[in-house]
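K.L.:
From just these sequences and the hints, can you work out the full model?
Heads up: the protein sequence lines correspond to chains A and B, in order. Per our numbering, the very first residue in the first sequence carries number 47; after that it's consecutive. Per our numbering, the very first residue in the second sequence carries number 47; after that it's consecutive.
Warning: the hint list may mix true and false statements.
Intra- or inter-copy, both count: the list cannot distinguish identical chains.
Claimed, not checked - Below, in silico cross-link-like pairs of lysine to aspartate or glutamate (DMTMM-like), each with a Cα-Cα straight-line distance of 20 Å or less: (1) K171 to E183; (2) K454 to E170; (3) K427 to E404; (4) K427 to E470; (5) K187 to E213.
The hints are simulated quantities; they were obtained by calculation from the structure and are not laboratory data.
Number of protein chains: 2
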Amino acid sequence: MIDFGCILSTFTPDQEELGKVKRLSDDLIREISKYCQGHNIKAEPILVGSSSRGTSLKGADIDIFIRFHRSYEIREMERLGLQIGHAVLRNGIEKYAEHPYVSSYEFGQKVDIVPCFIINDASEKLTSVDRTPLHNEYLKKHLSDAQKKEVILLKLFLRRQGIYGSELKTNGFSGYVTELLIVNFGSFLSTLNHLSTLKGNLVIGDPNSVKRFESPVIIIDPTDPIRNAGAAVSLTSLSIFKLSSKAFIKNPSEDYFGMGPIRTPRKNVDRGTKFFLIKFRRPDVVDDIIFPQVQKMISTITRASENLGFRIINWEQFVGEVGDNVEVLLELEYDQLPAMKVHRGPPVDIENALSFIEKHKGEEIFRGPYVKDDRVYAELKNGNTEFLPSLKNILEKADLGRHINKIKGEFIIERYEGKPPESEVTNIFLSRKNPSP
Amino acid sequence: MIDFGCILSTFTPDQEELGKVKRLSDDLIREISKYCQGHNIKAEPILVGSSSRGTSLKGADIDIFIRFHRSYEIREMERLGLQIGHAVLRNGIEKYAEHPYVSSYEFGQKVDIVPCFIINDASEKLTSVDRTPLHNEYLKKHLSDAQKKEVILLKLFLRRQGIYGSELKTNGFSGYVTELLIVNFGSFLSTLNHLSTLKGNLVIGDPNSVKRFESPVIIIDPTDPIRNAGAAVSLTSLSIFKLSSKAFIKNPSEDYFGMGPIRTPRKNVDRGTKFFLIKFRRPDVVDDIIFPQVQKMISTITRASENLGFRIINWEQFVGEVGDNVEVLLELEYDQLPAMKVHRGPPVDIENALSFIEKHKGEEIFRGPYVKDDRVYAELKNGNTEFLPSLKNILEKADLGRHINKIKGEFIIERYEGKPPESEVTNIFLSRKNPSP
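P.N.:
Structure, rendered in structure tokens:
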């Protein structure tokens, strides 16, 4: 038997933390209200997020939204939002999501103060954060006290699998989605039961009611029917959720709950393959910018390499904190191609099939041109038989996104035979294992 | 300007040959009639084939069919057919198509005497050769004298491209199909005009009228609407016909006419690849049996090698006459695989995805198991890293067809680095070129 009570008490805030959060948020709400009254600002603060709903894990953020009257201009709302934030958070720094907000650590507790507009219905929203207080209201109404514990168990389960969080870094299940799953399926176990037998997409709500959604997870936002709350979840994350649900149900264990995955790298042995490590200093930009750029860089490399005949069978990424490195690891079965390449020409039905023939009639080709099935082919001398120079060439020419483009010149590119080098990215590479543990 | 008259006189029978063929066939028809009368056999001989219609090339066969009354049993008809054949062809030998017939060389001219049943309509046919005299009647009615010359030009054009003949060796256009093309398009040039701009399948007649046909060439037999006269034509043969039509129209030349393709092998230079030659004595069976068996052998090797991770990028075959060898040539970019192979497991949605995980949890694997997209993977030790022993193993285990299975033990299998060995199959391999010339 799993001692869920023990799991909950291990990972949820104790009385001391709860007291501190309560005092801190009450104080801030009071101060913000006072500031608004004193400065004639038509806005009111509201505590949102998991700590307002009793579904938070240890050390969760305090999220306070300031809801402005809709008569304000957006720029004015933003300006006043920052002004209030700085007034109440002495050491606040400015951060940017859809618009700027103030963030700080107060007594070791992270606090975000985010301005938005008051709306009663999602259709009235002016900015995407306006919806957050509606989520809060909805969940307060639909989650029973018992279900709040189920939410926490599900969060811990998803975290252990490394699929909790909707940021572009994780492509997983957000806190809000986790809570909607419990509202929909009733409990932690019934959610896992559903996922363990689910085939294909995870769909909650009518995916064609208002707008047609197509993604692995479709969870119609109950506060906004034109939004898919599960849009960020990748196919891999959904598959990991399904498989870990199957594994847990077959063999339940407390090991399936934790703040993060258990990483036990496999031994770094000779695989008989070739490795390439690309290393550079992380540009000073937030996760939601650097992660998609690294992703794009990898898919650019993979596609361009494939076109040259080099097949990348595995890749892995490590994105350090600002100041640290980004590392991309590529694995190839072969990094040297034969002198001859089979060049696939156009289908014979196409007008210029004949020009392909004319072009390759010369003496200097290996074989052909010839027809196979519905196309013409010619076997030519391959000009790029080594991967390392080809990779350098690809990186030089490709658009790798604004921030990475700027530091292309500083890339360190290294080749390794048989096994990858000791490095952060190799640890991640060798740790890849699902489900966890 | 192309001198079509000169081409025709070069490749069609001269007066001497025509005279000889006429005398020979008249004599045989007379003798067969006399034999039937003398032996009370209800059957009558008929000259069919291209030499009966004036569409033959130099040295064409003489085909005489003996049409039996439908009251005969098939076995009896076969027996009498052979009896008559041997009576009129002193040096006749027996051959087998759908049923046995007698074949011989008379004054250097090949003569076949084939028994069949008299029918007035294809729906009455008892054996597939019964239809042949109907083809003869149809073409005699629909081909003008001028069009007969067009048929000959088209035959010479297709022969030059190596796509004339419907046998399993060629998968090309039969004589009958060639004649139907001229009946349909009117002339050699209008046939080429059609093919040069054709996209997709070649269809003559309504492909869905009686029976639904699906193949690259669909030519409804005008004497039998449930038969596709073009069923034997492969996609590659159709594509070669299209492309050579484009080439001829763009740059017409007498070089496009001849009894066979012009083969000018490319130089045998180092391609940086690996070659494997499989050589064995041709079993004593006809082309229509050995060719499909060699084909099947090659596709078995290709598929099984692919499953082991070895990709065969090119193959070629040489099938000598009986007494000579069969040679199969395989080309691979790499014949050695890394120690590690990425083993693709089942989709996570499938019941036994979890057994895959359990099975590969052990210490001895390289990496994983892990989830990617909708599947599980594990990276394992590859047990077959060398192609040569894998190939031997594949050949040992596979069913290669009755006649090849018997002589498996005599296979000679050789490996070559960089370029293929001097051999018949290498000549074919290096000659592959379309269009020809």
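K.L.:
If a hint holds in the structure, say so; if it does not, say that too.
P.N.:
Results for each hint:
1. For the homomeric pair K171 and E183, the shortest alpha-carbon distance inside one copy (15 Å) is at most 20 Å, but the shortest distance between copies (82 Å) is not.
2. Taking the shortest alpha-carbon separations for K454 and E170, neither the intra-copy value of 44 Å nor the inter-copy value of 78 Å comes in at or below 20 Å.
3. For a Cα distance limit of 20 Å, the shortest separation of K427 from E404 inside one copy, 17 Å, qualifies, whereas the shortest one across copies, 47 Å, does not.
4. For the identical chains of this complex, K427 and E470 are neighbours neither inside a copy (39 Å) nor across copies (24 Å), given an alpha-carbon limit of 20 Å.
5. With identical chains, the CA atoms of K187 and E213 are never at most 20 Å apart, being 26 Å at best within one copy and 77 Å at best between copies.
In summary, the numbered hints that this structure violates are 2, 4, 5.
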